[in-house]
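Enquirer: Build out the structure end to end from the sequences listed, making use of the hints.
Residue numbers for the sequence shown, in numbering that gives the first Met the number 0: 0 to 117.
Since the hints were made in silico from the structure, they are not lab data.
Backbone N, C-alpha and C fix where the C-beta goes; we use that ideal spot for every residue, glycine too.
It is possible that some hints are incorrect.
Label-pair distances were calculated between CB atoms; the ranges are [stated by the list, open to error]:
#1 PHE63 with ALA38: 16 to 22 Å
#2 ILE1 with TRP79: 17 to 23 Å
#3 LYS89 with ILE36: 30 to 36 Å
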Amino acid sequence: MIQETTARGVHVRRARVVTVPHTDYTRWLLEVSHQNITAGEEIRYLSRQLIDTDRLTTDDWWLFDDEAVAFTVFEPAGRWAGGALTTDRKIVNYIREVRDLVWEAAIPHAEYLSRGNR
0 MIQETTARGV HVRRARVVTV PHTDYTRWLL EVSHQNITAG EEIRYLSRQL
50 IDTDRLTTDD WWLFDDEAVA FTVFEPAGRW AGGALTTDRK IVNYIREVRD
100 LVWEAAIPHA EYLSRGNR
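Expert: What follows is the structure, encoded as structure tokens:
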């Protein structure tokens with residue numbers, strides 16, 4: 000999917016806000032992310048401990064074309080509960096600001112690994 004998307008000229012970026020020490024899931028993502036990177040996706044990492052929760056959301060979301068936000072919803076126990084999509088300008092603009100701040104602070108995948116983050 001990523002390769003087909005980037006082949007159309009679509010820019011795909013993902014910033015992962017991760018808990019340190021890493022969970023098993025994060026360690027797995029670090030190992031398999033090269034597949035998406037090879038397909039053209041840019042992936043960066045930022046330690047959750049570095050997030051200013053007064054300024055930035057820690058929600059899991061996808062921003063599409065700076066027009067729509069899809070939130071991933073989880074139950075308190077961590078199980079996936081579904082999603083929610085919005086085009087509300089106030090929410091979209093806020094998420095765009097969060098995206099820019101997180102992207103700037105996050106570390107590219109290769110550099111993150113070279114710092115011993117596994």
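Enquirer: Please flag the earlier hints that this structure goes against, numbers listed from lowest up.
Expert: none
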